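There are 4 protein chains.
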Amino acid sequence: MAGAKLEPRDPDWEAKVRESFARQTFMETIGGRIRALSPGRCEVELPFRADLCQQHGYLHGGVVTTIAANAAGYAAFSLMPAGSSVLGVEYKVNLLGAAEGELFIARGTVIKAGRTLSVVECDVQAMRDGKQQPVARMLATYMCLEGKPDQPVG
Amino acid sequence: MAGAKLEPRDPDWEAKVRESFARQTFMETIGGRIRALSPGRCEVELPFRADLCQQHGYLHGGVVTTIAANAAGYAAFSLMPAGSSVLGVEYKVNLLGAAEGELFIARGTVIKAGRTLSVVECDVQAMRDGKQQPVARMLATYMCLEGKPDQPVG
Amino acid sequence: MAGAKLEPRDPDWEAKVRESFARQTFMETIGGRIRALSPGRCEVELPFRADLCQQHGYLHGGVVTTIAANAAGYAAFSLMPAGSSVLGVEYKVNLLGAAEGELFIARGTVIKAGRTLSVVECDVQAMRDGKQQPVARMLATYMCLEGKPDQPVG
Amino acid sequence: MAGAKLEPRDPDWEAKVRESFARQTFMETIGGRIRALSPGRCEVELPFRADLCQQHGYLHGGVVTTIAANAAGYAAFSLMPAGSSVLGVEYKVNLLGAAEGELFIARGTVIKAGRTLSVVECDVQAMRDGKQQPVARMLATYMCLEGKPDQPVG
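Residue numbers (this note's numbering), protein chains in the order written: chain B, 12 to 165; chain L, 12 to 165; chain Z, 12 to 165; chain W, 12 to 165.
Hint data in this document are derived by calculation from the structure and do not stem from the laboratory.
Note that the structure is a prediction, hence the values are computed from the model and not measured.
A hint or two may mislead.
Identical copies go unnamed one by one, so any copy, or any two together, can satisfy a pair.
Claimed, not checked - Below, a list of computed lysine to any residue pairs in the SDA-like style, where the Cα atoms sit at most 25 Å apart:
| hint | residue 1 | residue 2 |
| --- | --- | --- |
| 1 | K142 | A93 |
| 2 | K123 | M138 |
| 3 | K123 | G108 |
| 4 | K142 | G158 |
| 5 | K159 | G42 |
| 6 | K142 | R44 |
| 7 | K142 | E30 |
| 8 | K142 | R29 |
| 9 | K142 | G125 |
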C-alpha cells in the first residue's frame, strides 16, 4: 500500500512521543506499553488480563480499540512538528476475530501525513500459542494542533 | 432519524442483557454500568476517574469508545432472539469534543434490526457542571449468532 | 440527537452552496438536485434511472453514497465562513436496505460545526410506492479551507 | 498486513465476477472496467471524464468511492461459494488527496474471508503525468448471501 513520507519534523520526536504516552494514566491501568517506535510507526503491546474482558472471556473490544488508537495516534504524532499536539478526529475498526491470546500487538502506520490531518492504519494481532492471529484493523484520522504543545508547561 | 422496529423477540431480553453485561470484567474495572434499558436502546454511564485518562487529563478515547460500543452492542442484543449471542462487526467513532466532565453517558439506538446484522448509532455526552456536552458519535454493525447462546451453560 | 449551532457565518451561504453544487458536472450526469436547503441542512434527491444500477437492477451503492456525500458536504459548507471552500475528509456508510424505488432522498445534518472540521450525519431513504424505506446512513467529516474560495475567480 | 486465505471456493469464480460486473449499468455509464482479477483481489480502473467531476474539476468523490466499492466487493465475491451473491454492508473511505489525473485505479484486497462476512481494504491511486498519487483508502465489509445466486435465472 502507499507509504507516507516518514521524515520526522521534530528532532525530539521520540522523547515527545514516549513522554506523552507515559502521561496516559489509562495505559498504566490496563498495562499497555510501547513495543516499537520509529517515525510514522508505533507498536503498542498489552498482555492479556482477566479483568479486561468482555462477556465470553476474550479481551474487550474497547481494549483492542484503545491500543489500536494509541498505536495510530502516536504514529501520527511522531511526524508532527515541535510545539504541537495530536487530536483524535475519528476511527473505524473492523473486528476480524476473537481477541483471544496471551499478548496483543497493535501496529500503527501513517499512510498520509498532511499539515493538518494525518491518516493512519493500524493492525491488531493476538499472540496465541506462539502464532499471530488477526484481531482488528483500524483506519483513523488525527489532527495536528500547531502551537499547542502536548507537554504541559510546569 | 429512521427508527427500527423495537419489538423484542426474546421475552427474557432484559435479564439476558443485564447478565451478559455483568459478565464483562472490563466494565467493573473501569466502573461502567447500565443506566437505562429498553428494547433496541441501551444507555451506559461511567463516572470520571483519574486513572482512565489520556495525556491531557481527559477521559481516554478508548474508554469513550468502550462505553459507546457497550451501549450499541447491548441495544442490538436486546432485540435478538433467545439462544443467540451478539458479535461486534465494526464501528466508527467521530470524536466531537474533549471528554471532560464528571460523568459520561453513551446512548445506543438500533436503526436497523436485521435477521443477521443490526446497525446501531450511539451518542456520547459528558455531564460538565450539570450540562451535557457532546463527546462522540458512533455508527456500528453487530451480528447475531443464532444457536450460540450468550450465557455459558454450567 | 445533539444538534449543532446552525447559524450561518456567511450571509451569502445559500447562493454559495447552490452555485457550488451547480458546478458539479457529475450531478448533472446522474440527475441529482438540491431538494431543500437551510443552514446546516441539505437534502439531495435523485430519480431512479436504469443506467445507474448495480448487478441486480437496484441503484448502485456508489450513487447512494454520492448523493449522501453531497447532502452532507453542502450541509457543512452552508455553515462555513465566506471565502472558504469545503473538503471531504472521510465518510462511513452503512447500507440498510435495497436501493429500490422511484426517487432517492439524502438528508444531511451537521452535528458539529468546528472552525476546521465539521461532522455531519446523513440519512438516505427510497420512495417506493409512496412510502419511505431506509437505504443508508452516513457519518462524515468535512474540512473548512479558509482563504480558498470555492468559486473560481474569473 | 495480514493476508486472508485466497483460495476460491467456486471454480467458476472468474466468469461469475466478470458477468456480475458486466451487469452493472452504472459501470458502463461512468466508464469503469476490471483491470486485473485474481482470487481475493480485484482492480478497477476508470479514465478521467469531464462529466464526472465535483465543483473544482476533480473526479467526484462519489466516483472514487464507486470504483473502490466495486474493486472491494468483487474481491470479496471472488472468494464466495457457488450459488451465492455479495451484499455491501458498510464502507469507510478516507480521501487522501485531490482526485486529479488521467486514470484512476482502485485495488481491493480481502483481508478476512469469513463464511458470512468478508473484510476488504481498497487503495485508490490517480495516474498523473505517469506517476501514481494516493487518492483514497477504503475499509469495507461485505456479506455472502448463500443460496441466492447472483446470476438471474432466465
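Here is how each hint holds up against the structure:
1. For the homomeric pair K142 and A93, neither the shortest alpha-carbon distance inside one copy (39 Å) nor that between copies (32 Å) is at most 25 Å.
2. Taking the closest pair of Cα atoms, K123 and M138 come within 25 Å of each other only across two copies (18 Å); inside a single copy the shortest separation is 29 Å, beyond that limit.
3. For a Cα distance limit of 25 Å, the shortest separation of K123 from G108 across copies, 9 Å, qualifies, whereas the shortest one inside one copy, 27 Å, does not.
4. In this homomeric assembly, K142 and G158 never come within 25 Å of each other (Cα to Cα): the closest approach is 44 Å inside a single copy and 29 Å across copies.
5. In the homo-oligomer, the alpha carbons of K159 and G42 never lie at most 25 Å apart, since the shortest distance is 28 Å inside one protomer and 32 Å across protomers.
6. For a Cα distance limit of 25 Å, the shortest separation of K142 from R44 inside one copy, 20 Å, qualifies, whereas the shortest one across copies, 35 Å, does not.
7. With identical chains, the CA atoms of K142 and E30 are never at most 25 Å apart, being 31 Å at best within one copy and 33 Å at best between copies.
8. Neither within a single protomer nor between protomers do K142 and R29 lie at most 25 Å apart by alpha-carbon distance, with minima of 28 Å and 35 Å respectively.
9. Taking the closest pair of Cα atoms, K142 and G125 come within 25 Å of each other only across two copies (19 Å); inside a single copy the shortest separation is 35 Å, beyond that limit.
Consistency note: the structure conflicts with the earlier hints numbered 1, 4, 5, 7, 8.
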